[in-house]
Amino acid sequence: MKIVADQAKLSQKLQAVGAVVPTKTTLTILSNVLLQAEGDQLKLTATDLDLSMTTSLPAQVEQPGNVCVQARRFIEIIRALPQADVKLSVRADTVRIQCGKSDFKIKGADSDEYPKVTDRMKEKGFAVSAGTLNRMIDRVGHAVSQDLSRVALTGVLWEFEKSGFSMVATDGSRLSKTSHPEKVASPAAAEIIVPGKALQHVQRLMHDEGDVKITVSDSYIGFDLGDTFLHSRLLEGPFPNYRPVIPKNNQHKMTVERDGLTQATKRVSILANTLTHQIKMALRPDSVSLSVATPDLGEAQEDIVAAYNGPEMDIGFNANFLLDILKSIDSDDVEFDLDQADTAAMIHPVNGKEEEKFFCLLMPLRLAE
Amino acid sequence: MTPPSGATEIRRPGIQAGPLCMLDRMGAQPKKSSASTHRSRVILHLDMDAFYAAIEVRENPELAGKPLIIGHRGPRGVVSTCSYEARRFGVHSAMPSVTAERLCPDASWRPGRMSLYVEVSRRIRRLFEAFTPLIEPLSIDEAFLDLTGVTADLEAGRRAALELKQRIREKEELTASVGVAPNKFLAKVASDLEKPDGLVVIAFADVPEMLWPLPIERLWGVGPKTAEQLHKRRIHKIGDLLHVPEPTLRGALGARSARHLRALARGEDDRLVHSQRQAKSISEERTYAVDLTEADEIDRALLQRAEAVGCELRRHGLVGRTVQIKVRTGDFTTWTRSHTLPAPTDLTEVIVETARHLFAERIDLGDQGVRLLGLGVSGLEPVDRSQSTLFPDEQGERARRLARTTDALRARLGPDAVVRARLLRTPRSEEEDEHDGDAPLASSPPSVD
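First to last, the sequence lines map onto chains A and B.
Residue numbers in the first sequence follow my numbering, run continuously in steps of one, and reach 369 at the last position.
Residue numbers in the second sequence follow my numbering, run continuously in steps of one, and reach 818 at the last position.
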């Protein structure tokens, strides 16, 4: 293999695939990136066996070929090089990197040892605009669980229905659901669970405009992002049956300006307990205030401008969860639909586009008496 | 909240407020200790005298005045501790039992009863609580007490120490050695000066007379290696450290250690007494008189350890993320294996399942039996159940309710009030379990470090 590529372009693409390279692995070959030179393209591949990424960049290919290189060092070298043409050449098991006056030789590995990675899927896919996909992931991403003991919750449930498709994520304490109004060519399965990690990668790699082509097979999902293809194993269910927990009768409504509530929550929560992040929301017919009182630390209180139609209620929330939710909403005002201080609050945008349904559920914290 | 103020304010653990730290640091300077604007601290270090041996003597009065060794006699036993009478023969803890038998052939031997020692230790700790809430236990038989603000000065501290020793003697028929000083370092040095049954006060003014003549090995942080480096430069006594030029010391020890040792030699130590040191792990281990070989025996031993650790976690309101097991086989190969759980737990069931998995998958006994079995949980954090959940975990909730109930029964009626059916029959090999000298942890309070 012998090629010349632009340093900036190569570095950028390498860092993208580098994010998939597992940091700890029993299979050493996975700590490599696979380089494949053919035609006028250099293709880069990384995988942790569950999630794979392939991306291409233009290159002058003098001699086609494939090689594996240890990802971390290789990425570090390319990033440190001056912005100029980078020449990569392989002789025996050595990869030589030349750029300007720099000259590196590092050990490569046989590309045949690298696992086979899919970069196209045969199933019929559907397209979603990048903007829509990005917004949907933003809305549910914060509720994805990090708890690996309930694997299904580390993913986002995608439901395909006649009226469009929805994404749902929950970590047990909060839940977000958003629906996309366009009907998409739904895959065989009515619902799938897509790893949250894969969606994070998609968001990072996505261009602002254009469509993302999505293909779903029995146990995989593929995202075609133009020059990059992301292929991820789907998570095994079952996803918890969330429909029964969506409150139907939360009649006490509080409407508040989103930015004002965000800023007040940030201020007051500075003194919140670092473990529980508890803040108290005191709802009164004529006023709403946020407060914390943490033993050994201090107290804070702030009144907020809000309209509330229910009875007096003190309700506790995890300030970080609340801030995540407020950040995921893009309307100027938000509405809290409440029932009791120990039942789920439903939080949703006000004057959002009616057809784009979106809400979050947040379980309160039990307030210490 | 108003900031802590006033001379009688007791420092709460965990708050490292700037002004208070400053105050302590200045209070520890000898030259400033006399200035009335700075409060001088009153720190007690209490060390029980030959703790295990003294308890055995109390329980068996015929042993009084005779050399007594706690530990397992036999070719592979070690001395856990011994009475002062045995120490005169040169016996000391962690010594192989065969050596001890040679040095002191007439000594009486007792295998050691850890649960009794722990119980006595807890009762003594309660006696401390009558004096101050600021107690920092260092081990089962040693603790720091901060009497600053409770007593006016070192002399009042001495009277309190006398009173404390008196109470321990009355209630437990045991003696303790106490050091009283303006900081932890001097208090610890002082408690060691007149063992057993000692009471020594070291004020800053006494430092030249009492501290400087002591060998440098008495300083915290001076081990055999450092001592050798210092001896080479003719530094033998603590006072010598202040007479050699600073660069010489820096050359021998490095700048950090040199600064640290010189401060100690001046009698300076600004560390606070931390009453609730955050436990980092809770563990329990046991050495068996006869190696465990049966799978069933080993499994029940794992369950016993898990039950004890789980109970201790719940008692302290903690949950932990990492389960570790330690296995020493008959040929003294020691294995430690750990697994980090996705979510922290305090449930015996989860702990024992993890331990079983570690034992089955990650340890290869070969043809050896299990001599020592330990189990610990680390990555501790306070339990927080204030966040309610959308999808209740019913199984976990049931297990938690059951654990709460059994823990309450055990607290009221004793540790054997509720026993798992699997643990009802005590295997023969555990009846005379012996405790490992270098790791006194069996049913220990949370090990802190």
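It is possible that part of the hints are untrue.
What the hints assert, rightly or not - When the alpha-carbon atoms are kept at most 20 Å apart in a straight line, the in silico SDA-like pairs for lysine to any residue are as follows:
id : chain 1 : residue 1 : chain 2 : residue 2
1  : A       : Lys24     : B       : Leu710
2  : A       : Lys24     : B       : Thr709
3  : A       : Lys248    : B       : Ser757
4  : A       : Lys327    : A       : Val350
5  : A       : Lys197    : B       : Ala712
6  : A       : Lys24     : B       : Ser707
7  : A       : Lys248    : B       : Phe760
8  : A       : Lys248    : B       : Leu759
9  : B       : Lys649    : A       : Asn320
10 : A       : Lys266    : A       : Asn320
11 : A       : Lys24     : B       : Arg731
12 : B       : Lys594    : B       : Met579
Claimed, not checked - Simulated restraints, written as ranges between beta carbons of each label pair:
id : chain 1 : residue 1 : chain 2 : residue 2 : range
13 : A       : Gln83     : B       : Val613    : 53 to 61 Å
14 : B       : Leu507    : A       : Arg284    : 48 to 56 Å
15 : B       : His643    : A       : Asp218    : 53 to 61 Å
For the record, the hints were derived by calculation from the structure and aren't laboratory data.
Idealized CB from N, CA, C, for every residue including glycine.
Compare the distance between the alpha carbons of A:Lys266 and A:Asn320 with 20 Å, and conclude whether the hinted pair is satisfied. 9 Å, holds
Could you say whether the range 53 to 61 Å given as a hint is met by the Cβ separation of A:Gln83 and B:Val613? 57 Å, holds
Given the hinted pair A:Lys248 and B:Ser757, is their Cα-Cα distance within 20 Å? Holds, because 19 Å separates the two Cα atoms, which is no more than 20 Å.
Take a quick look at whether A:Lys327 and A:Val350 sit within 20 Å of each other, Cα to Cα. Between A:Lys327 and A:Val350 the Cα gap is close to 14 Å, so the pair holds against 20 Å.
Does the structure keep A:Lys24 and B:Ser707 at a Cα separation of 20 Å or less? 17 Å, holds
Please verify whether B:Lys649 and A:Asn320 have alpha carbons no more than 20 Å apart. Violated: B:Lys649 and A:Asn320 sit about 26 Å apart, past 20 Å.
Satisfaction of hint between B:Phe760 and A:Lys248, Cα-Cα up to 20 Å: Roughly 17 Å between the alpha carbons, so the hint for A:Lys248 and B:Phe760 holds.
Check the following: the C-beta atoms of B:His643 and A:Asp218 are separated by a distance inside 53 to 61 Å. Holds, at about 57 Å.
Given the proposed pairing of A:Lys24 with B:Leu710, does the C-alpha separation stay at or below 20 Å? 17 Å, holds
Check the hint pairing B:Lys594 with B:Met579 against an upper bound of 20 Å on the C-alpha distance. Distance ~25 Å between B:Lys594 and B:Met579 Cα, so the pair is violated.
Outcome for the supplied range 48 to 56 Å, where the beta carbon pair is B:Leu507 and A:Arg284: About 52 Å separates the Cβ atoms of B:Leu507 and A:Arg284, which means 48 to 56 Å holds.
Hinted pair, alpha-carbon criterion (20 Å max): A:Lys197, B:Ala712. Please report holds or violated. Measuring from Cα to Cα gives roughly 19 Å; hence the hint holds.
Consistency note: the structure conflicts with the earlier hints numbered 9, 12.
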